[in-house]
Amino acid sequence: MSTTPSPTAKTADDTTERGPRPAEDLRQQVYDSPKEQAIKYVLGACALISVLTTLGIAAVLIIESIPFFQEVALSEFFGDTRWTPQFAEKHFGVWALLSGTLLVTVISAVVALPVGLASAVFISEYAAEWVRKILKPGLELLAGVPTVVYGYFALTFVTPLLQSFIPGLGVYNALSAGIVVGIMIIPMVASLSEDALRAVPDSLGGAAYALGATKYEAVMRVKVPAAFGGIMASFILAVSRAVGETMIVTLAAGATPKMTLDPRESIQAMTAFIVQVSKGDTPQGTIEYQSIFAVGLVLFIITLTMNIVANRITHRFQEQY
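When the letters of the sequence shown are read in order and numbered with the numbering used here, they come out as residues 81 to 401.
Simulated from the structure, these hints should not be mistaken for lab results.
Model, not experiment: these values are computed from the prediction.
Where hints are given, some of them may not hold.
The list that follows gives simulated cross-link-like pairs (lysine to any residue, SDA-like), each with its CA atoms no further than 25 Å apart [stated by the list, open to error]: (1) Lys295 / Arg162; (2) Lys216 / Arg278; (3) Lys120 / Ser130; (4) Lys359 / Gly324; (5) Lys213 / Asp282; (6) Lys170 / Val195; (7) Lys359 / Thr326; (8) Lys359 / Thr336; (9) Lys216 / Thr336; (10) Lys338 / Thr366.
With these hints in hand, go ahead and build the complete structure from the sequences.
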C-alpha cells in the first residue's frame, strides 16, 4: 500500500511552518516601520528625562556635599542641636533646621488633610454636577497661585489676625507659616482624593444602599476604605510638598534656627536656610556655602523617600475591581 500523502493533506510540519496570521503580520510590519521605531525612541527619551534629572540632582548634591562632610563629621551634623554656620563659633547641627521644617509640616498637615479629604468627599459624593464643575476647577486654580503670594498673605494677613487672638505672637512664627502652607496643599489633597473616590465603582455604593446603608455610611464605610490607597498617597504627596515649600516659610516663619515645639516662635526651615545663603552674601567655596548642599541632600532624601512610600502604598492598597 502506498503511504505517499496526497497533495491536499496537511502535515504537522506544514502547520508549524505556517507564518503568523495576517493581522499579526500586519501589526508587526507596522511596529517595525522606521516611523514607528522613531516614535518609540522619542517617547522613550522623554520618559528618561525625569529619571536622568533626578539622578543628576542627586549626583550634584552628593558631589558638592563631599567637601562639607570632609570638614564636618556626620556625628556633628546629625548629633548637634545648634546651627550657626555664619557665626564665629560655628555649629552644624541639622536638627535645628529639620525641627523647624517638621513643625511647619505638622501644622500644615493638621490643616490640610482633614479639610482636603472633606472637600474631596463633598465634591465626589454630595455636590451637584454644576457645583462640582465650579469647585474642582476652583481648587485646581488655587493650586496654581504662586507661593510668594501665599507668603505675603501669611505675613500681612494671617499673622496680624493671629496676633489679635494670641498675645505675644511675633511677626515671624511657625504657626502662620504652617497654616498657610496647609491652605496651599489643600487643593492637592482634595483633587487627588476626589479622583481616588470617583475611581471606586458605583456598584460598591449600590450594594451598600441595598443593604440599608445611609449615604454617609456608604461613603465612609465603603467608598473611602476602597479608595484608601489613593487617599493615603495624596496625603503623603501633599506632606512632601509641604516639606519642600520655600517662599512661605522664608517670608513668614523667620530665620532663627532652633529646636522648638512652640509654634509661636520664629524658626528657620531647611529651604529657608538655602535661600538665605544663596542670596550672594556668602562667598562660594566656604564651609558656610557648602552647607547648603548638605542641607539640600537631606531635604532631597526626605522628599524622595516620601514619594517612594506614596507610590508603594498606592500599589499595596490598589483595589482590583
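Structure-based check of all given hints:
no.	hint	result
1	Lys295 / Arg162	violated, 53 Å
2	Lys216 / Arg278	holds, 13 Å
3	Lys120 / Ser130	holds, 17 Å
4	Lys359 / Gly324	holds, 18 Å
5	Lys213 / Asp282	holds, 20 Å
6	Lys170 / Val195	violated, 42 Å
7	Lys359 / Thr326	holds, 14 Å
8	Lys359 / Thr336	holds, 17 Å
9	Lys216 / Thr336	violated, 38 Å
10	Lys338 / Thr366	holds, 23 Å
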